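Construct all of the structure, not just a fragment, from the sequences and the given hints.
There are 2 protein chains.
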Amino acid sequence: MDPRIVEHAKILVDYSTQVKRGDKVVIQANPDAHDLAVAVARQVAKAGGSFTVTMISEEIERAKYDGADDETLKVFPDHVMAMTEKTDVLISLRSPVNTKAMANVDPKRRMITAKTTKPIFDLINTKRWVLTVHPCATLAQQGNMSLEEYREFVYGACLHDWEKESKNLYKMKEHLESHKNIRFIGPETDLYASTEGRLWEAADGKFNMPDGEIFTAPVEDSVEGKIYFDVPFLELGKVLEGVRLTFEKGEVVDYSAEKEESTLKQILEVDDGARRLGEMAIGTNRGIKQYTLNMLFDEKIGDTVHCALGMAYPECNGVNESAIHVDMIKTMHEGEVTAGDEVIYSRGKYFYEK
Amino acid sequence: MDPRIVEHAKILVDYSTQVKRGDKVVIQANPDAHDLAVAVARQVAKAGGSFTVTMISEEIERAKYDGADDETLKVFPDHVMAMTEKTDVLISLRSPVNTKAMANVDPKRRMITAKTTKPIFDLINTKRWVLTVHPCATLAQQGNMSLEEYREFVYGACLHDWEKESKNLYKMKEHLESHKNIRFIGPETDLYASTEGRLWEAADGKFNMPDGEIFTAPVEDSVEGKIYFDVPFLELGKVLEGVRLTFEKGEVVDYSAEKEESTLKQILEVDDGARRLGEMAIGTNRGIKQYTLNMLFDEKIGDTVHCALGMAYPECNGVNESAIHVDMIKTMHEGEVTAGDEVIYSRGKYFYEK
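Residue numbers (the numbering used here), protein chains in the order written: chain A, 1 to 354; chain B, 1 to 354.
There may be inaccurate statements among the hints.
Identical chains blur together in the list; that is why a pair holds if it fits in one copy or across any two.
As the list claims (entries may be wrong) - The list that follows gives simulated cross-link-like pairs (lysine-lysine, DSS-like), each with its CA atoms no further than 27 Å apart:
{"no.": "1", "residue 1": "180", "residue 2": "226"}
{"no.": "2", "residue 1": "10", "residue 2": "74"}
{"no.": "3", "residue 1": "249", "residue 2": "226"}
{"no.": "4", "residue 1": "127", "residue 2": "86"}
{"no.": "5", "residue 1": "46", "residue 2": "108"}
{"no.": "6", "residue 1": "259", "residue 2": "238"}
{"no.": "7", "residue 1": "118", "residue 2": "46"}
{"no.": "8", "residue 1": "349", "residue 2": "115"}
{"no.": "9", "residue 1": "127", "residue 2": "74"}
{"no.": "10", "residue 1": "171", "residue 2": "206"}
{"no.": "11", "residue 1": "20", "residue 2": "115"}
{"no.": "12", "residue 1": "265", "residue 2": "173"}
{"no.": "13", "residue 1": "46", "residue 2": "164"}
{"no.": "14", "residue 1": "100", "residue 2": "289"}
{"no.": "15", "residue 1": "10", "residue 2": "226"}
{"no.": "16", "residue 1": "354", "residue 2": "173"}
{"no.": "17", "residue 1": "86", "residue 2": "74"}
{"no.": "18", "residue 1": "226", "residue 2": "46"}
{"no.": "19", "residue 1": "108", "residue 2": "20"}
{"no.": "20", "residue 1": "238", "residue 2": "20"}
None of these hints come from the bench; they were simulated from the model. Since this is a predicted model, take the numbers as computed values, not measurements.
Dropping the structure here:
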């Protein structure tokens, strides 16, 4: 087995979810993630955990909608809930079969399922869980790479000394929380927000792998200024490019996009919360050197910031509500991030690298 | 999708397990059985059931033994038990990753796991469940065929009118249970056993797919005579051929094999019960025209009988106990099966075909 798969598994089991003797573990895997599932299984067993493996498949999910009427979509899967109640750790290994398998399913029907299974997802959120990807042709293709290049990419992003990265992120958290605002400055960009009463979360590889970002929920009506997102992103099945937003009293008052402006308009009109920022964040993962239209990776690219329209995370004391949470990324090699009177990041250097 | 996969799924869901609205279903599948899992998922949803999918993999199972110490093997998977308690139907789709993945694991360690998970297997036995295979290269190779030939083979065995086959099997059950003994007569074969107080089970596709056999547990000390098993079979990792057994008062008193006689000796010496027959049965599936060293298929070949050394099924009122249950098959194109004074089968015809 590729020794990188073994190392990846060790990070997931020993660092991210810290499996210990007697833990009941669920390993979720797409069929193409089988090799990583084998490595994770061995590592969980080594740690003394008892595991079972569930299969994720976008095509199987799609088949459900093809077969079920709405009443069937409302049948609560007691058996899955019962398993979740007794589960300590969930390790999710994604190698999508087909990222477009659900493209032609009515979003209203998907909402029925989301509502039916919400208690299960809420319960999972109270457990130790981590989400990662195993390199596969589907994702390599979406990222515009060969499979071998994509493997390099994934392991470059994930196989880090996370204890060390965690320390830096917590230093940054302490720093940011000692101030009451945040400002992103750069080409065509000067965006300010109050962060008073809000918390910064250090995303240090405990729930996502790769990881490497620090995020907060800005005070909803305090966001002022403009920002230019120069990294393309995928939303509603479209690739949006060159999005520009202007905020007044927290609300988007002007917008444009170099590509897919009508999709941007659609996003902003979903609900009231969709016109406000639910998240402002700084990416710190220098192992991720390019975007691949996969937000699990893109939002963590080092020397970037990102903002999300829509739903805010309660763990940051955010209150903005929305059906959407759309992340948009800006590279900051030419930019600066300040908090109060302090420089947090400037042109290729985080404060702790000085 | 190959329309035969859809038909296979319909048999499993609508005939074998009779999924109905509100049922909680677990679909177990090897990664290579993904296509059949998609078809079964759609069919379960159509019937109104709510499903989840679990992944079976011989390599993942093996990785557990590579990682775990004996104490870890004893950790009871509460979470799997909790799911099983709430499950109505289990549909198991086998396309082994590698049938030899477990070959070098100490059988004593496998016994620890078997003991740990016994309550779960016992509970599954009280549910509606069915076991089948989805054609894959691994099984095609074991069966000495190309994948396309193996597909023909599997669907030839499974895609039957099972309602009709069930009627014939129940006719045969009624017939056999009206008599008190059974006799297999043919080349180098004349084997007699009492079946007084025993039941015959009609295996009509409810638990196995393919299916097509009728079996009983003979009265333990009543088996007399000799039998020549001319169909090769796989046991303890070896292919045994041309096994001849002679019985007196239910016990094997003489034995030989044309190939792997030492393995036959090993089987007979496992325990006291291993020298007695736990099963005598008649195969009726004319869609299976050759052996493939896979007992799910081989024991059901039409115009055959089989006997098993070892453990008897309690549902037949059998009492023989043993750690093993080794099926051995004999073709009967030149033979006859009688019960009491009646001919049940003779040279290519079951009594109901007269």
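Hint by hint, which ones does this structure get wrong, listed from lowest number up? 8, 12, 15, 18, 20
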